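> Turn these sequences into a full structure, and let the hints guide you.
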Amino acid sequence: MKLNRRAALSALTAMTIVPVSAFASDWPTKQVTIYVTTAAGGNTDLMARMAAEYLSAKFGKTFVVENRPSAGGAQASGQVVSAAPDGYSMLFTPSSAVLLAPLVQKMSFDPDKSLTPVTNVGTGSQVMAIKRSLPVNNLAEFLAYAKANPKKLNFAAAGTNNISHLAPLLLFARAGADVVMVPSRGEPQAISDLMAGNVDFYFGNTSVLLSQKDHPAIKLLAVGTAQRIPSAPDIPTASETLPGFVFASWNGFLVPNGTPEDIVEKLRGAIAEMVKAPAMSARLISLGILPGGQTKEQVAAVFQSDRKNFADAVKAAGIPPP
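Per numbering that gives the first Met the number 0, the very first residue in the sequence shown carries number 0; after that it's consecutive.
Because the hints were derived from the structure by calculation, they are not lab data. Just so it is clear, the structure is predicted and the values come from calculations on it, not from any experiment. The beta carbon of each residue, even a glycine, is placed where N, CA and C say it ideally should be. A couple of the hints might just be wrong.
[Unchecked claim] 25 Å max Cα-Cα, derived DSS-like pairs, lysine-lysine:
hint, residue 1, residue 2
1, Lys-146, Lys-57
2, Lys-112, Lys-275
3, Lys-146, Lys-314
4, Lys-105, Lys-307
5, Lys-57, Lys-275
6, Lys-29, Lys-265
7, Lys-265, Lys-60
8, Lys-314, Lys-150
9, Lys-112, Lys-307
[As the list claims (entries may be wrong)] Pair by pair, the computed Cβ-Cβ distance ranges are:
hint, residue 1, residue 2, range
10, Gly-59, Ser-191, 43 to 49 Å
11, Ala-271, Lys-60, 31 to 37 Å
12, Asp-233, Lys-60, 42 to 48 Å
13, Ala-276, Ser-132, 42 to 48 Å
14, Gln-188, Lys-29, 42 to 48 Å
15, Gly-196, Ser-81, 47 to 53 Å
16, Ala-147, Pro-277, 44 to 50 Å
17, Ser-285, Asp-109, 32 to 38 Å
18, Pro-215, Arg-173, 26 to 32 Å
Okay, structure coming up:
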């Protein structure tokens, strides 16, 4: 009787393990929800929807985008952190919602420790734009001018605790320049103030500022990505002037810790395939976005670099721990 019981237990254990593996390899078998940390309409949302459309067609199951904008992306991140690690709830977000948010606001969880990065659809570039009437022609000259004229120049920040706010503070701190921050209600106002000559500097989305490249009131000095962007190869990177300064917006997928590795690999491979498609790659590049599809190792390197950048920027801004 004991032998039979032992055999029965072994059979039951096999039955509970095998289907889990089978479900993972068969993923997806039902609808997948992609929670997005930003509102509809921006580049992050656009990339999420491009991916959802592609993945739905590739796998024959619906991938639904659900926008959950909130401070630091906490609502969307929290939804995914608390979800089952089965590949049916995933996060799409800029890396800032995972790496920066815990440094500047109280959260009931740490997304950086609770989520596994998969890959990115693209890296959004920011570009440094200045008032054209300033007597400078490049970033090195601008930083030298700002350093020689402490508190006489200002920069627009489209909100607080984001890249447009923190990246310039880190840039000026590393250059030894004292530049005054002027808060704006959002990017449209920041760009309008720059064009009107009310502010001297703005670090904003390339997709928006590139369309104003020939505007008589502004000049584009440098992009924040590690390499020059294909849509504007004549604009140098900031790191060409200030080595090591890289501030860009990684936008991609994260899943709950414990999600089966074959699901993670399946999703990573599909996104890599997507961004290599000529039409998709061209669309991203036209928006000033560097196509993604990064490997596990590449994502880890980006997150390590971004983690340090955000920590240094928060320190430069004098923001106390939450």
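> Which numbered hints are broken by the structure, listed smallest first?
The structure conflicts with hints 1, 2, 11, although it agrees with all the remaining ones.
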